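Here my numbering is used: position 92 in the sequence shown is 92, and no number is missing along the way.
Since the hints were derived computationally from the structure, they do not count as laboratory data. Where hints are given, some of them may not hold.
Computed beta-carbon distance windows for the label pairs [to be verified]:
| hint | residue 1 | residue 2 | range |
| --- | --- | --- | --- |
| 1 | S93 | G126 | 12 to 22 Å |
| 2 | P5 | S29 | 33 to 43 Å |
| 3 | S29 | G60 | 14 to 24 Å |
| 4 | A143 | F94 | 29 to 39 Å |
All values derive from a computational prediction rather than experimental measurement. Quick reminder that beta carbons are idealized off the backbone N, C-alpha and C, glycines included.
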Amino acid sequence: MTSSPYTPVLSAQQLSDFFVEAFPGHDHSGTEFSRIEPGFLQMKQTPGESMLRPGGIVSGPTQMALADRAAYAVILAHIGIVPMAVTSNLNMSFLRGIAAKPFYADAQLIKLGRRLATVDVRLWQGDPSNIAAQSTVTYAIPAQA
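Sequences are here, hints too, so could you generate the full structure?
Have a look at this one:
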């Protein structure tokens with residue numbers, strides 16, 4: 001991993017607590033923040049039955065949701081809790097199927113500005129070089145009072 005000019009300000013526990021509080025209707029089981037480092041965050045997802053599509057592979061909407069959540073989390077990990085930061089763009093490329101077993105999202109900050117943040121998210125399973133999907137996600141960050 002290359003060095004990053006960005007320094008995390010939140011822990012994995014602080015992020016987890018925020019997500020549970022901010023999204024009370026969502027099932028947060030099976031999701032954990034594995035690593036937070038300068039400019040980087042890793043999430044682990046253990047897929048439940050509702051996340052699978054016919055054929056027993058993880059559905060596209062589940063993969064997109066994890067990519068979006070990982071992007072939001074890596075941004076918040078570096079700027080603090082800003083609940084109204086919102087997705088402004090998400091592009092996703094599905095490269096191979098993800099089996100119904102744990103998989104990971106590696107979120108790397110590309111650019112963290114005052115109003116926009118861009119994140120590269122790679123989903124993988126088994127080995128980090130076994131990339132199953134890649135997403136570029138842009139978030140709009142509200143002006144701070």
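Going back to the hint list, which numbers does this structure go against?
none
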